[in-house]
Amino acid sequence: MKVWLEEKHSLLEEIEARSGQKVQECYQCSKCSGGCPFSRVMDYAPNSILEMIVYGMKDQLLSSKAIQMCIQCGICGAQCPAGFEMYEVMNVLRAMAKEEGYISHETKIPKMNNIFLGEVKNNGRMHEVNLMVKNMLSQGELVRDVAALIPIGPPMFLKGIMGFGDVLPHKIKGQAAVAKIFENVEKMQGGHA
Amino acid sequence: MKTGYFPGCSLHSTAKNYETSTQAVLKKLDVQLEEIPDWNCCGSTPAHQKDHLLALALPARNLALAEQAGMKEVMAPCAACFNHLRTAEIECAKDQETSKKVQGVIEMKYNNTVHVLNILELLVERIGTEAVAKQVKKPLKGLRIAPYYGCMLTRPAKIAQFDDPTNPTSMDRLLGALGADVVPWGAKTECCGAAHILTRPDVVVELSGRIIYEAKDSGADAVATACPMCMSNLDLRQSAMAKATGKEAKVPIMYITELLGMAFNIPQSELGMRKHVVSTASVQAKIS
Numbered sequence: 114m115k116v117w118l119e120e121k122h123s124l125l126e127e128i129e130a131r132s133g134q135k136v137q138e139c140y141q142c143s144k145c146s147g148g149c150p151f152s153r154v155m156d157y158a159p160n161s162i163l164e165m166i167v168y169g170m171k172d173q174l175l176s177s178k179a180i181q182m183c184i185q186c187g188i189c190g191a192q193c194p195a196g197f198e199m200y201e202v203m204n205v206l207r208a209m210a211k212e213e214g215y216i217s218h219e220t221k222i223p224k225m226n227n228i229f230l231g232e233v234k235n236n237g238r239m240h241e242v243n244l245m246v247k248n249m250l251s252q253g254e255l256v257r258d259v260a261a262l263i264p265i266g267p268p269m270f271l272k273g274i275m276g277f278g279d280v281l282p283h284k285i286k287g288q289a290a291v292a293k294i295f296e297n298v299e300k301m302q303g304g305h306a
Numbered sequence: 024m025k026t027g028y029f030p031g032c033s034l035h036s037t038a039k040n041y042e043t044s045t046q047a048v049l050k051k052l053d054v055q056l057e058e059i060p061d062w063n064c065c066g067s068t069p070a071h072q073k074d075h076l077l078a079l080a081l082p083a084r085n086l087a088l089a090e091q092a093g094m095k096e097v098m099a100p101c102a103a104c105f106n107h108l109r110t111a112e113i114e115c116a117k118d119q120e121t122s123k124k125v126q127g128v129i130e131m132k133y134n135n136t137v138h139v140l141n142i143l144e145l146l147v148e149r150i151g152t153e154a155v156a157k158q159v160k161k162p163l164k165g166l167r168i169a170p171y172y173g174c175m176l177t178r179p180a181k182i183a184q185f186d187d188p189t190n191p192t193s194m195d196r197l198l199g200a201l202g203a204d205v206v207p208w209g210a211k212t213e214c215c216g217a218a219h220i221l222t223r224p225d226v227v228v229e230l231s232g233r234i235i236y237e238a239k240d241s242g243a244d245a246v247a248t249a250c251p252m253c254m255s256n257l258d259l260r261q262s263a264m265a266k267a268t269g270k271e272a273k274v275p276i277m278y279i280t281e282l283l284g285m286a287f288n289i290p291q292s293e294l295g296m297r298k299h300v301v302s303t304a305s306v307q308a309k310i311s
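Protein chains in written order, with the numbering used here: chain A, 114 to 306; chain B, 24 to 311.
Honestly, the hints are just simulated from the structure, not real lab data. The reader is advised that the hints may include incorrect statements.
In the EDC-like style, the derived pairs of lysine to aspartate or glutamate whose C-alpha atoms are separated by at most 20 Å in a straight line are [stated by the list, open to error]:
1) B:Lys124 with A:Glu219
2) B:Lys51 with B:Glu148
3) A:Lys293 with B:Asp61
4) B:Lys39 with A:Asp279
5) B:Lys123 with A:Glu129
6) A:Lys286 with B:Glu271
7) B:Lys239 with B:Glu271
8) A:Lys221 with B:Asp225
9) B:Lys51 with B:Glu90
10) A:Lys300 with B:Asp61
11) A:Lys234 with B:Asp187
12) B:Lys181 with A:Glu129
13) B:Lys25 with B:Glu58
14) A:Lys178 with A:Glu212
15) A:Lys234 with B:Glu130
16) B:Lys124 with A:Glu299
17) A:Lys178 with B:Asp225
18) B:Lys39 with B:Glu57
Please take these sequences and the hints and turn them into a complete structure.
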């Protein structure tokens, strides 16, 4: 029993220390979840996540969809009566999941992130057409995604939102320096980046 | 006035009209924009989600380049670029250890001397609404505009350090200076769903739809935005919103700089007003 208690407190302590947020001060008013744009489609809502940390439910938390859906819009922090910044907790949970090699139940977002960052590494800038096409081909929902493009693709070209000059990516001069940033981060994080 | 300028990837592709209107408007206001030479992508949400050090290093290379070019301030019109550049600015300035680590990763020297601004900050706090009002040739009288800020201009508050995190008013004041009727509404700082459009379009159509229908219910003629990601979700997805809800959308979305340009009587070809999926003709007709 004693060991179990220590373990559950170590998760809480680690997250409190890394996020700078006092998880235990949360009194479950749920305003963070009420304001969160994605709580309805998360497997665990933000206020539940805070409680799960106290209960030490590490595996569920680190493989959850919820921590991959947070984009740090910051509404949780802006609305919290305890002045607590929930998104910092999400950031720490996502970092821990990566460090400890957890496989997330949310696969599409990390996949899209990798495609996006691959473009940045290879060109120095993000290329919207490449990102869209590569993402569509990798997510396994080609029919849905192509159907969604039908009403917006042609008008984008007709109205000049996109031109033919946007179809091909071009590299910035310092592309190698940008690629080096990725390599250096990778090295420093011991392969976890 | 001279200021450093970070356009960001979107302003060079789907948001070209945000760039052209920004340049045209700031020229009228006597602001010279000096682009950071050979800038790179800020890393946006994917870098933020993937690795904190990468999310600091990518924008930091731009800050270091700006510093080398002698810039003291850099203005980023894209709300997300602003947010990520400012994160790097603040975290490097706050902690020497972080700053050293970041400089090691980018293999460049950076002395934390560059301050990052968003476009509303530049217009309202540096230039001022009085100077803006002086340039108005064609007041936007009778035009009902819903000011939309989204998330990244004002939140997280400790990063953005700009305006009120949930009830900002800087764009309201700017629109007021143009003579527009500023619509009070409830979706000022709601999230449009952002980059989840690529992975969960259903969710984004619902979130953006709420903003559009709220604007419609409030009687707005158009929504004003200062973010290319918000523009793309709000403008491009209205047919999907209508399909999901059975209610017609058709709310024109305008960059704040396009509205400024209209009021300054800058030719529409210079502003890029045609580059919207939802036609802006109704807005133009109302003030001409």
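Now the hints, each set against the structure:
Distance restraint check for Lys124 of chain B and Glu219 of chain A: the Cα-Cα separation of roughly 31 Å exceeds the 20 Å cut-off, and the hinted pair is therefore not satisfied. Restraint check: the Cα-Cα separation between Lys51 of chain B and Glu148 of chain B comes to about 17 Å, which is no more than 20 Å; the hinted pair holds. For a cut-off of 20 Å, the pair hint linking Lys293 of chain A to Asp61 of chain B stands: about 15 Å separates their Cα positions. Of the supplied pair hints, the one linking Lys39 of chain B and Asp279 of chain A holds, its CA atoms being roughly 11 Å apart against a limit of 20 Å.
Note on Lys123 of chain B and Glu129 of chain A: the hinted pairing is violated, with a Cα-Cα distance of about 25 Å set against a maximum of 20 Å. Using a Cα cut-off of 20 Å, the hinted pair Lys286 of chain A and Glu271 of chain B is violated, with the two alpha carbons roughly 46 Å apart. At roughly 10 Å between alpha-carbon atoms, Lys239 of chain B and Glu271 of chain B fall within 20 Å of each other, so this suggested pair holds. Of the supplied pair hints, the one linking Lys221 of chain A and Asp225 of chain B holds, its CA atoms being roughly 14 Å apart against a limit of 20 Å.
Between the alpha carbons of Lys51 of chain B and Glu90 of chain B the distance comes to roughly 26 Å, so the proposed pair goes past 20 Å and is violated. At most 20 Å may separate the alpha-carbon atoms for a hinted pair to count; Lys300 of chain A and Asp61 of chain B exceed this at roughly 25 Å. Note on Lys234 of chain A and Asp187 of chain B: the hinted pairing is violated, with a Cα-Cα distance of about 35 Å set against a maximum of 20 Å. Of the pairs offered as hints, the one joining Lys181 of chain B and Glu129 of chain A holds, with about 18 Å between alpha carbons and a cut-off of 20 Å not exceeded.
Proximity of Lys25 of chain B to Glu58 of chain B is assessed by CA-CA distance (about 11 Å); at most 20 Å being required, the pair is judged to hold. The suggested pairing of Lys178 of chain A with Glu212 of chain A holds, with an alpha-carbon distance near 17 Å, which does not exceed 20 Å. Of the supplied pair hints, the one linking Lys234 of chain A and Glu130 of chain B holds, its CA atoms being roughly 16 Å apart against a limit of 20 Å. Among the hinted pairs, Lys124 of chain B with Glu299 of chain A is consistent with the structure: their alpha-carbon atoms are about 13 Å apart, no more than 20 Å.
Under the criterion of a C-alpha separation no larger than 20 Å, the hint pairing Lys178 of chain A with Asp225 of chain B is consistent with the structure, at around 16 Å. With a CA separation close to 17 Å, the supplied pair Lys39 of chain B and Glu57 of chain B stays within the 20 Å bound.
The structure is inconsistent with the numbered hints 1, 5, 6, 9, 10, 11, although it conforms to all the rest.
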